[in-house]
Structures are given as structure tokens and as C-alpha cells.
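Chemist: Dock chain B against the given chain A, drawing on the hints supplied.
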Amino acid sequence: MTVIKGVGACPGKACGPVAKLVSEGIPTHIVAGSILVVRVVHPYLAPLFPMLGGVVVEDGGVLQHAVILAREFRLPAIVGVREALTRLIETDKVCIDGATGEIDILPNQGLGPQK
Amino acid sequence: MTLDSAGDLQVDSGALEDIARRWVLATTVEAALGLSERIDAIVARLESLTTSTTAPLASTESRLLTIGDALSEFMPLPILAKMFIGAMLAWLRRHGFDGPLPLPSPSPGARLAADLATLAERCAATGISPAELRDRWPGVPPEVAAMVRQFAADHCGFGPLAWEAPGFDEPSFVLEAMVLSAGHLRGPEPRQEPIATVFNSSLAAAVYLALGSWIDVAERGILMVRRSFHISILPLLAPTASVSGVTPIDILFARFDEIADGLPSPSVLRMRRQRYETSTSYLDRNGIKPERLDHLVAA
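Residue numbers (our numbering), protein chains in the order written: chain A, 6 to 120; chain B, 1460 to 1758.
Bound-form chain A, shown alone (with noise of 0.2 Å):
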């Protein structure tokens, strides 16, 4: 199992499919339980939070809107996690502890790529 590790930002885990944010807009490939993963997160993507599973932003700041937005809708949160978006593929399931940074990608259990 690989572990990365980031700044935990708000408490919890989760576990889901990773799913990647690279252009702005709504996402359409999201599913319900998703790991959100983003290189900042801009307060217009508010209503996808309570679907998801959790975030993890590439930007470090502990005080930007992913964070705030984690907090009011519970959602355990990792920031400051480098290069997320090339180390993490949708392929990827992984389980988030939002207490301690930690982001475990799991041994590939033949998840094909998410819609």
C-alpha cells in the first residue's frame, strides 16, 4: 500500500475513488462517495460537497475555502498534499484520515475508470 502524506485539515476518513479536478466547472464524472481531488477549490463547487467522500487539495493553505467548506459540511480534509493530481489517478481508491494527512491508495481491486 502507498501512503502520502499531507496537512490534515479536518478530522475524519473516508475511503472512495479518487476523482480529479483539472479544469473549472462542474464536474459531470463525479459519483456519490468520491475523493475529491483538486488544486484549489473555489466556493461556486459548495453544492457537490455533501456527495462527496472527502478532499484533498494540492494548495497548502489551512484557512482557504476547501477547508472552511470541509468544516461546515464534515468532510475530512487534506491540504498541502504536492503533486496530488499527477500522483493520484482515477483509477486510484483511497482512504483519507483527515486528522492525521495520511492518504492510503489502495491495492488496485479492478475498478474500472469512473464516469
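Hints listed in this document are in silico derivations from the structure and should not be mistaken for laboratory results. Beta carbons are placed, not taken as given, at the ideal position from N, Cα and C, and that holds for glycine. It is possible that some hints are incorrect.
Coverage of chain B stretches by chain A, computed from C-beta distances (three or more under 8 Å per stretch; other residues unrestricted) [as the list claims (entries may be wrong)]:
| # | region |
| --- | --- |
| 1 | 1544-1552 |
| 2 | 1559-1565 |
| 3 | 1571-1577 |
| 4 | 1619-1630 |
| 5 | 1673-1685 |
| 6 | 1741-1753 |
Modeler: This is chain B only, laid out in the frame that chain A set:
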């Protein structure tokens, strides 16, 4: 201070903390606490400009200058907020503060989520699913169309960082968000009881209060810039263009000082537009389709 290849401003955090500390010491807490009111006043000035879109030239010019002044006053605030809040928090932590952070609740984003949940409920009450609404739009019952359009108008500041990119100003964007999050939409969790916050100095208490105000500014930054664009600048494009001999879209490629002092030739504006339209990496990253500017101006 440097601008990196992604367009992010990289600053020296040590220098920033020093600036932030001096700023807090040199100003009053009341000034920091007045930030939100200051932004509200700027927005009110901008919104007051939208009462007429068919004003004569003198009025149009005067309104453009007012917009320029208001944006000049506003634009530095969210940029400063981004820089200051981290520095202020670091200072507090180093001086022994370990209490709850002064985060807004509900935040602007959480309010958007709650409002969209309410809209979804009202639409569902008409018996049309979010997917049907999206697929049939704009061919939906007038009362439903009116609700969605009103939501788009009320939330037109929410969207990507690029202010011309599609956001909640567009009914189709609203409906796409509703479809994606159908069955999950809700507002934030109720706020937990605040924990008593103890400070070891009056300065720490002042920095904490100022931090809360700056976080509020940072939260509303993109929202207010985009909202200003939609409510005050867009309505002025057509009247400004009509007296300048260019198209409304061309005006988007002029700077404020050029609008005030004299536009460059139409060919220069068109060249800028062409450069913009061929910036595929920028357009793709921000979800901007080729017809977006026409759609914006037409709306």
C-alpha cells in the same frame, strides 16, 4: 514576490507576516472589522449602476468611471486577504493561540449549496426531475423557468476564477449542478457550540478579530469580482460600443483607461480577441467554450 507559470503570486511568508503584524498594529481593529461593510458599500454602488442600461453617453462614461473607481478600491482587498490570513494565523499560533479558528458560518459557498437545495425542492414539487429540466431547458413551464432564472441572477457571482467563464449566472450551469448533486443537495451542518476562546494578550485578541474579517474578505473575493462584472460592466457594453464604433465584445478587450481616454482602433481590439480565442489551454482550463462571449453579451 514572483508570479509563477500557473499565474499564482508567490510571496515570502516571513516578509508577509511582518507586513501583516505591522498592518494590524498600525490600524485599528475597528478598521479590520469594517472590511465587510466596506465591501458591501462597494457592491451597493455597483448595483445602483444597473438601474438603466440605455443611458446616454455622458451617463455611460460616468458609470464606467464609477465602476473603475469601485473596482480599484475593491480589487486589492481579496489579494491582501489571501496574503494576510496565513501570516496572521502563523503569528497567533506562535504566540500560543490554539483555539477555534474564526471561520465564517455559513460561508458564502455553504449558503449557495443551501439555496440550490431549496431551488431543487421547489423544482421537484412541480414534478419535473433535474435531468428532465436540464434536457428540456428552456422549454420548461414558465414558473419553473422563472425560478431558475431568478436563482441565476441572485447567484451570478459564483463561478470559476475567470470572471467570463460560465458559472451560476447561467441557468444551464445551475441545472447541471442540480443534476450532478441530485439527492445529495443540502446546506451546511448546524454550527457547533463555540468553544470559549482565551487570548494571552490584547494584541492576540485584536489579531484574531482582524483575522476573522480578512477571512470573510477572502471568502467573498472571487464572488464579488465576478458579481461586479455581471451586474455593472456587462450592461454597459452595448451602450459604450454603440458610440465607439466597435462591437460590445470588442469592449471586453479594452482596458478601463482606454475606455475613459479613447479606445484603440477596432483592429487592435480584434487582434487581442483573436489572441484570447486561440489561448486554448486557458479556455479549456476554465471551461470557456468559443461561443461564450457572444452568449454573455446577448444575455
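Chemist: For every hint, state whether the structure bears it out.
Modeler: Do the hints match the structure? See the list:
1. Given as covered by chain A, the region 1544-1552 of chain B passes the check, having 3 residues with a CB less than 8 Å from a CB of that chain where 3 are the minimum.
2. Coverage of the region 1559-1565 of chain B by chain A holds in this model, with 5 residues showing a Cβ closer than 8 Å to a Cβ of that chain against a need of three.
3. Under a criterion of three residues with beta carbons nearer than 8 Å to beta carbons of chain A, the stated coverage of the region 1571-1577 of chain B is upheld, 4 such residues being counted.
4. As drawn, the region 1619-1630 of chain B meets chain A at 7 residues by the rule of a beta-carbon pair under 8 Å; at three or more, the given contact holds.
5. Coverage of the region 1673-1685 of chain B by chain A holds [criterion: at least 3 residues with CB-CB distance below 8 Å; count 5].
6. Counting residues of the region 1741-1753 of chain B whose C-beta sits closer than 8 Å to any C-beta of chain A gives 4, which meets the bar of three, so the coverage hint holds.
In this structure, none of the earlier numbered hints is contradicted; all agree with it.
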